[in-house]
Amino acid sequence: MKILHRYIISEIIKYFLIILSGIIVLILVSTMIDEIGLLLRHKPGAFLIFTYYFFRIPFFVAYGVPFAMLFSILFVFSQFSKYNELTAMKSTGINFTRIASPVLILALIISVLNFALNETFVSSSFERSKYIKDVLIEKKPKTSISISHDLAKLGKGGKIFYIKFFDELLGRMKGVCILQLDADFNITERLDAREGIWENENWTLKDGVHRTFDKEGSETGINIFDSYDLEISDTPSDFIVRKQSADDTLTVNIMRLSRLIRILKDSGFNYREEAVNLHLKIAFPFAAFILALLGVSIPFMFTSQRSLINAALGFLFTVLTAFFYLGFVTIGISLGKAAYLTPFVSAWIANFVFTALGFFFLSKVKK
Numbered sequence: 001m002k003i004l005h006r007y008i009i010s011e012i013i014k015y016f017l018i019i020l021s022g023i024i025v026l027i028l029v030s031t032m033i034d035e036i037g038l039l040l041r042h043k044p045g046a047f048l049i050f051t052y053y054f055f056r057i058p059f060f061v062a063y064g065v066p067f068a069m070l071f072s073i074l075f076v077f078s079q080f081s082k083y084n085e086l087t088a089m090k091s092t093g094i095n096f097t098r099i100a101s102p103v104l105i106l107a108l109i110i111s112v113l114n115f116a117l118n119e120t121f122v123s124s125s126f127e128r129s130k131y132i133k134d135v136l137i138e139k140k141p142k143t144s145i146s147i148s149h150d151l152a153k154l155g156k157g158g159k160i161f162y163i164k165f166f167d168e169l170l171g172r173m174k175g176v177c178i179l180q181l182d183a184d185f186n187i188t189e190r191l192d193a194r195e196g197i198w199e200n201e202n203w204t205l206k207d208g209v210h211r212t213f214d215k216e217g218s219e220t221g222i223n224i225f226d227s228y229d230l231e232i233s234d235t236p237s238d239f240i241v242r243k244q245s246a247d248d249t250l251t252v253n254i255m256r257l258s259r260l261i262r263i264l265k266d267s268g269f270n271y272r273e274e275a276v277n278l279h280l281k282i283a284f285p286f287a288a289f290i291l292a293l294l295g296v297s298i299p300f301m302f303t304s305q306r307s308l309i310n311a312a313l314g315f316l317f318t319v320l321t322a323f324f325y326l327g328f329v330t331i332g333i334s335l336g337k338a339a340y341l342t343p344f345v346s347a348w349i350a351n352f353v354f355t356a357l358g359f360f361f362l363s364k365v366k367k
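Under this note's numbering, read the sequence shown as residues 1 to 367, first letter to last.
A hint or two may mislead.
What the hints assert, rightly or not - Derived DSBU-like pairs (lysine-lysine); straight-line CA-CA distance at most 35 Å:
1. K215 x K159
2. K215 x K153
3. K164 x K174
4. K174 x K153
5. K364 x K2
6. K164 x K206
7. K133 x K153
8. K174 x K206
9. K153 x K130
10. K14 x K2
11. K153 x K337
12. K265 x K139
13. K139 x K153
14. K133 x K164
15. K206 x K337
16. K265 x K206
17. K130 x K337
18. K133 x K337
19. K130 x K265
20. K159 x K130
21. K265 x K337
22. K174 x K215
23. K133 x K174
24. K337 x K159
25. K364 x K14
26. K174 x K130
27. K133 x K159
28. K14 x K130
29. K164 x K130
30. K14 x K82
31. K215 x K265
32. K159 x K265
33. K43 x K139
34. K159 x K139
35. K174 x K159
36. K206 x K153
37. K2 x K82
38. K164 x K139
Bear in mind the hints are in silico, worked out from the structure with no lab data behind them.
With the hints as extra help, turn the sequences into a complete structure.
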């Protein structure tokens, strides 16, 4: 790596870390202000509050990386322009492509690392923070709700339960689907029933079908029944577990989310929101590279010799870029969840649009 490239990359990494730290602090303060009512109401200890927000930091990092990348590139190149370093580079015969290429490679590497962060630390740390909030701070009892809708529960022995309507008090469930999974998460059995009744310390399913499958997913047997005794140890109170919200699935790693979507699909449940979030988890980390395409172009788009004007215009353009990118992401997600766009298009539309804009601005820069 040439000395010039090392210099550019080291400056961007330095300010990237500084700006990312600032973004994390802003998000952290904003989140604490939003949750101040919760903290005042339950009065958790200082250590518990620290632990709760500490485990949320990886999520804030993953969210802030693309925008820290954009702002750091703008700042560094604006400084180069202010102190005539860009002019010096051009005067020695170094063209724009040689200046921008190491920055874009760095942005691509950071995008990949951000993707890895999402799949590892974000998922595990968010689950811990959610447990701290729900159980340790809010002290929610497991049986606080007696009537629930759209329940999902992982039972013993690889059984997964999906229940449309559940009444703990009466011991009744309707719209029952029970999947039996093997060690490789293949469905080996499936029970569908109109309802289930808790009587004589046992669950009895009514009006249903029992199917069996081989490892390739082919049906090997089917049995239609009027009544079926379900041999499980779960009592009505054990089923008071809500199906995870679609928003929470943004913090679930892709492998687990893919399995959830497959199970929801096989069980006849609506999985569109989960599918949108799956594609968004892949698309969003690469925003760092996509916004970098714009970031390396912006300082070269304003040729005024007045550095103050350059800085102001560059900063304004950067803020608008970040704002409109988030706007496209939000609109795409909404259209995808409302079934106006496919999950893939809804999650990737912002990346498609801003990649096109990035290459357009790159083509306008004088090489």
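Each hint tested on the structure:
no., hint, result
1, K215 x K159, "holds, 16 Å"
2, K215 x K153, "holds, 23 Å"
3, K164 x K174, "holds, 6 Å"
4, K174 x K153, "holds, 15 Å"
5, K364 x K2, "holds, 26 Å"
6, K164 x K206, "holds, 15 Å"
7, K133 x K153, "holds, 21 Å"
8, K174 x K206, "holds, 10 Å"
9, K153 x K130, "holds, 18 Å"
10, K14 x K2, "holds, 18 Å"
11, K153 x K337, "holds, 24 Å"
12, K265 x K139, "holds, 33 Å"
13, K139 x K153, "holds, 21 Å"
14, K133 x K164, "holds, 27 Å"
15, K206 x K337, "holds, 34 Å"
16, K265 x K206, "holds, 23 Å"
17, K130 x K337, "holds, 24 Å"
18, K133 x K337, "holds, 27 Å"
19, K130 x K265, "holds, 26 Å"
20, K159 x K130, "holds, 24 Å"
21, K265 x K337, "holds, 16 Å"
22, K174 x K215, "holds, 29 Å"
23, K133 x K174, "holds, 31 Å"
24, K337 x K159, "holds, 29 Å"
25, K364 x K14, "holds, 28 Å"
26, K174 x K130, "holds, 29 Å"
27, K133 x K159, "holds, 28 Å"
28, K14 x K130, "holds, 32 Å"
29, K164 x K130, "holds, 25 Å"
30, K14 x K82, "holds, 18 Å"
31, K215 x K265, "holds, 18 Å"
32, K159 x K265, "holds, 16 Å"
33, K43 x K139, "holds, 11 Å"
34, K159 x K139, "holds, 28 Å"
35, K174 x K159, "holds, 18 Å"
36, K206 x K153, "holds, 20 Å"
37, K2 x K82, "holds, 23 Å"
38, K164 x K139, "holds, 26 Å"
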